[in-house]
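Trainee: Taken in sequence, the protein lines are chains A and B.
Here the working numbering is used: position 107 in the first sequence is 164, and no number is missing along the way.
Here the working numbering is used: position 113 in the second sequence is 182, and no number is missing along the way.
It is possible that some hints are incorrect.
[Claimed, not checked] Quick list of simulated restraints, FRET-style, between CB atoms:
#1 A:Glu95 x B:Asn131: 28 to 36 Å
#2 B:Met84 x A:Leu115: 22 to 30 Å
#3 B:Asp87 x A:Thr164: 22 to 30 Å
#4 B:Asn86 x A:Leu115: 41 to 49 Å
#5 A:Val112 x B:Thr82: 41 to 49 Å
[Said to hold, decoys possible] Derived BS3-like pairs (lysine-lysine); straight-line CA-CA distance at most 30 Å:
#6 B:Lys113 x A:Lys113
#7 B:Lys136 x B:Lys91
#8 B:Lys136 x B:Lys109
#9 A:Lys116 x B:Lys110
#10 B:Lys113 x A:Lys127
#11 B:Lys109 x A:Lys127
#12 B:Lys136 x B:Lys113
Don't read these hints as lab results, they were simulated from the structure.
Virtual Cβ for every residue (Gly too), placed ideally from N, Cα, C.
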Amino acid sequence: TQLLEQSPQFLSIQEGENLTVYCNSSSVFSSLQWYRQEPGEGPVLLVTVVTGGEVKKLKRLTFQFGDARKDSSLHITAAQPGDTGLYLCAGTNTGNQFYFGTGTSLTVIP
Amino acid sequence: DTAVSQTPKYLVTQMGNDKSIKCEQNLGHDTMYWYKQDSKKFLKIMFSYNNKELIINETVPNRFSPKSPDKAHLNLHINSLELGDSAVYFCASSPIAVTNTEAFFGQGTRLTVV
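This is chain B alone, in the form it adopts within the complex:
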């Protein structure tokens, strides 16, 4: 069983298009995240959702919008794609814990904007 699954794994699209990446976790975790990993492998937090409420938005352009239909899903919608959006996007989840919590990651979605 895949704990955190995201689809698609690869996405190639033209500039200006709108696309979505889906993420589902079957771990019963309360918090889900979207990270962007650039070509230098830096993993930058984009959003986190806790019980369907956004609690972080780290200076991400408003072309990016997370949507959480329920606690197990956090999808990422991207409007008017730009060349600079090309990266690997990771979905993750974690349980709420004071200490020793852990982030569980999906396999990533490699987005290429041409």
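Isolated chain A (complex conformation):
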């Protein structure tokens, strides 16, 4: 089993603040994904990063894949209450295997 550790595990911030979530592993992955899960629902894909050092932006969310393809970060600018949810990173390799991180529960207070 390939373990991905996320930090922090819990994060509670005020609306308008910035935050960064980290996803770290000792394993190399061919791609890394970020999902968001809302209560009572399954995770939904936000982004996939493939190339070491790659940066992708999705509105106020910025995703980065580490140069060695072992780690990733998610940065949210000016957080909104609608950003509240569980954020999960997932490493993938050939063969369609998805290994999920330990999760970061984000609460944005209005």
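We have chain A; now place chain B onto it with these hints.
Mentor: Structure of chain B alone, referenced to chain A:
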């Protein structure tokens, strides 16, 4: 149209019982999965099926058995349920791709064993 649907959404049962959770996907994907999400929200792979062949079984007790009657269905049977089996179980599917593949999840089944 629901892409990945699983039933039931909630399941409360007594210890020792046998239960099943059904999953269907209408996306034409080749691979289906079962994940268990515990109280700490950790999403752990249990099984994956590719074209009706099991390709992963991550140290799951043999009381759990996946059954795939066809490519669009992957059901989960659980025998002799234990208190520790209480969790949310997610079914997912994905297409086969070298890169940029994506897992599509159902809404989950919250299993409570009493």
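Trainee: Each hint should be assessed against the structure and marked as holding or not.
Mentor: Each hint tested on the structure:
no. : hint                           : in the structure
1   : A:Glu95 x B:Asn131: 28 to 36 Å : holds, 33 Å
2   : B:Met84 x A:Leu115: 22 to 30 Å : violated, 45 Å
3   : B:Asp87 x A:Thr164: 22 to 30 Å : violated, 38 Å
4   : B:Asn86 x A:Leu115: 41 to 49 Å : holds, 44 Å
5   : A:Val112 x B:Thr82: 41 to 49 Å : holds, 47 Å
6   : B:Lys113 x A:Lys113            : holds, 27 Å
7   : B:Lys136 x B:Lys91             : holds, 9 Å
8   : B:Lys136 x B:Lys109            : holds, 27 Å
9   : A:Lys116 x B:Lys110            : holds, 26 Å
10  : B:Lys113 x A:Lys127            : holds, 19 Å
11  : B:Lys109 x A:Lys127            : holds, 23 Å
12  : B:Lys136 x B:Lys113            : holds, 19 Å
Hints 2 and 3 from the list above are not met by this structure, while the remaining hints are.
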